[in-house]
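Here are the chains, one letter per residue:
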Amino acid sequence: MASSNQQLWLAWSLVSGGFLALLGMGLFMTSQAAESPRLAQVRAWFLPGETSHGHFQIELACEACHVKPFGGSELRQQACEGCHAAELTESGDKHPLSKFTDPRNAPLLERIDATRCETCHEEHRPELTLTMGVTQPADLCAHCHSSIAEERPSHAGMKFDTCSSSGCHRYHDNQATYEDFLLRHAEAPALLARVESRATNFAELAAMLPDYPSSRFPLQPLTFDQADAPAPAASSVQARDWSHSGHARQGVNCSACHGGTEGSAQWIARPADETCAGCHSLQRRGLEQGLHGMRLGLGLPAMRPELARLPMRKAAGNHELGCTSCHTAHLVDRVAASRDACLGCHADEHSLAFDSSPHGKSWARAVQGSTPVSEAVSCATCHMPVVAQRLSEFDLVADHVQHNQSATLRPSEKMLRPVCMRCHGLGYATDALADAELVKRNFSGQPAVHVDSTRMAVERDEAIRRQRQQAALEQEQSQ
Amino acid sequence: MINNQREYDMTGRARKGAIALVAGMLMATGAAAAEGVSYKELADALHTVMDSDRTIYTRMVVNRLQNEEKVIKASEHWKDDKALPLPAQMFRFGSEMVAEKQKMFTYSLLSEWPVNKQNAPRTPVETAGLKAVVANSKQPFYKEETIGGKKYFTAVYPDIAISPACVSCHNGHKDTPRTDFKLGDVMGGVVLRIAMK
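If you read the protein sequences in the order shown, they are chains X and H.
Sequential numbering of the first sequence, starting at 41, is according to this note's numbering.
Sequential numbering of the second sequence, starting at 447, is according to this note's numbering.
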């Protein structure tokens, strides 16, 4: 009997030990867990709650945020800053950390610790999570700015939760909502007469880059006959596609990506995405910062539409996202990548409404050749806009496609300046973005929502001018 | 510590001037009293550097290019307006970078008549200090204070309208609570806090 009990205990201990070992492997074998689906499943047991929209793709790469098991809040804060600090600085963050480390703000921090991202962006708390991954109650602003009506009488009686929900203010990025900006654009019409087109002259840029291999690939157009691929490949459809590509126009031959030339043992039949990054590191970095490529950035298997939370086309479910999923490898057709690639996967209301929208119709005309592409609007025009970006290794700023499609969506007002205002007036664009139904219709129709901030700014400006003129007049009369 | 700094840097001492002195003093903050450098002396040295840099920027860059040579404007929205940052902004950006780099001391530009209401005095020492330097611009104000359970040596230095750019901008700003500043007026104060051991 005793022996039987001992055997049971032994078996129980082995099972428990094995289970604990499995848990330990899931928790501590960080790199293996990222690659092994079974260990990833074990990791999923540790998730304390559903992860927010911004992070769910990387939720099993626990160390991306926690840095190490039981790392603590300091390391988590560093992880937040590691991914998001540069973007916040770039957007002129109105509530940066440095503003709150001054001891005079200590009493304010006792109520809201604004030095830590997690104070407002708590993870794994779906029951609290609002849009933008915000978990802080809507009265956040009132804690420090409750006396706003004293300096802005127009704000008297406004509800404590309307600061950001009205479309007037944002905690981090107020580049398109600050008062003088509203005044400057107060009279702008819905549609501007001139469309601002941006593009970088690649030849000029390459001439400035010390490591551009111009001796191997001079900046001169190449033709189909000049392809330096091995014999069968040199006459392939792929080579034909390449001859029509931007690569061929800029003198980038087959060997630049495939690693070798005709007859060379170094020829790589299917170069990996990292090859693209060899020259397009800026674009790659953008990709890895957004929802398309954040998994790649952490060494996880590529994102697939079937894993997404937004509605996607079922047929594209197992499509792996990387450079060549949107840019075909040889033709590198930017026109196709600007609409066709997006709508090949995305099937939400906004995406499905694109073709019948004014933007979509303008794109169709451009694809047919009846209007210049630079005057049309594709999916990428808004979600991957051409913006001035700094090449990190140099103090060199040039216009490039922003491949982090989330950059202009966190929140969508970030789209106002780099995107909407190239064609539309500020007031119209602000109203349009604030109208959720209009956004769903991909801007077919007129905004039914009106954000009142410009009117308030104009009225205040006029009132102060009148007041000062009156005071000057009275002073003149008294002399 | 300061002596070590001086020995180490004998040849470059004159060239590096006040900055080397402040660097040495900073390293000595933890044992300021024991090494013979008081919190007051440290505060004064730090303020000398920040005040000199700001005066140079105001006179040699902003006032010269905007008011005298009229080739470029200084603007609160300097990035959008393709203009120079205002001297007060330059000062604040510096203080924010200093705050990011270390925790031993902080400084800010406050006023009884702030354009940004967040820069109004908040602690009793700030209130008393700003009143004192407005009443007597020759004499900085020093006081120890406890905030959030931590002890600080707080110094308040008068911030004086040294150039026409200061006066015209503050008097004309929409958010200013005061429109009659004149050259030489104390417009506010630099509040410098050193964490005490």
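Don't take each hint at face value.
What the hints assert, rightly or not - Okay, derived cross-link-like pairs now, DSSO-like style, lysine-lysine, Cα gap no bigger than 27 Å in a straight line:
id : chain 1 : residue 1 : chain 2 : residue 2
1  : H       : K597      : H       : K643
2  : X       : K134      : H       : K563
3  : H       : K549      : H       : K620
4  : H       : K628      : H       : K547
5  : H       : K563      : X       : K199
6  : H       : K547      : X       : K139
7  : X       : K139      : H       : K563
8  : H       : K596      : H       : K643
9  : X       : K134      : H       : K547
10 : X       : K139      : H       : K620
11 : X       : K108      : H       : K563
12 : X       : K134      : H       : K486
13 : H       : K549      : X       : K139
14 : X       : K139      : H       : K516
15 : H       : K528      : H       : K620
16 : X       : K134      : H       : K549
17 : X       : K139      : H       : K577
18 : X       : K199      : X       : K108
19 : H       : K486      : X       : K139
20 : H       : K547      : X       : K108
21 : X       : K134      : H       : K643
22 : H       : K528      : H       : K577
23 : H       : K563      : H       : K596
Claimed, not checked - Computed far set for chain H versus chain X, every beta-carbon distance over 12 Å:
id : residue
24 : T494
25 : R510
26 : E515
27 : T552
28 : A578
29 : G618
30 : P623
Unchecked claim - Here are some, though not all, of the chain X residues that point toward chain H, as calculated from beta-carbon distances under 8 Å:
id : residue
31 : P136
32 : S138
33 : T141
34 : D142
35 : R144
36 : A146
37 : P147
38 : E191
39 : P193
40 : D220
The hints are simulated quantities; they were obtained by calculation from the structure and are not laboratory data.
Nothing here was measured: the structure is a model prediction, and the numbers come from that model.
Heads up, the beta-carbon is just placed ideally off N, CA and C, and yes, glycines get one too.
Here is what the structure says about each hint:
no.	hint	result
1	H:K597 - H:K643	8 Å, holds
2	X:K134 - H:K563	14 Å, holds
3	H:K549 - H:K620	34 Å, violated
4	H:K628 - H:K547	36 Å, violated
5	H:K563 - X:K199	21 Å, holds
6	H:K547 - X:K139	13 Å, holds
7	X:K139 - H:K563	14 Å, holds
8	H:K596 - H:K643	9 Å, holds
9	X:K134 - H:K547	19 Å, holds
10	X:K139 - H:K620	23 Å, holds
11	X:K108 - H:K563	42 Å, violated
12	X:K134 - H:K486	33 Å, violated
13	H:K549 - X:K139	13 Å, holds
14	X:K139 - H:K516	33 Å, violated
15	H:K528 - H:K620	21 Å, holds
16	X:K134 - H:K549	21 Å, holds
17	X:K139 - H:K577	24 Å, holds
18	X:K199 - X:K108	42 Å, violated
19	H:K486 - X:K139	25 Å, holds
20	H:K547 - X:K108	25 Å, holds
21	X:K134 - H:K643	32 Å, violated
22	H:K528 - H:K577	36 Å, violated
23	H:K563 - H:K596	25 Å, holds
24	T494	21 Å, holds
25	R510	25 Å, holds
26	E515	25 Å, holds
27	T552	5 Å, violated
28	A578	17 Å, holds
29	G618	9 Å, violated
30	P623	8 Å, violated
31	P136	7 Å, holds
32	S138	4 Å, holds
33	T141	5 Å, holds
34	D142	5 Å, holds
35	R144	5 Å, holds
36	A146	3 Å, holds
37	P147	7 Å, holds
38	E191	6 Å, holds
39	P193	13 Å, violated
40	D220	6 Å, holds
Checked against the numbered hints listed earlier, the structure breaks hints 3, 4, 11, 12, 14, 18, 21, 22, 27, 29, 30 and 39; every other hint is satisfied.
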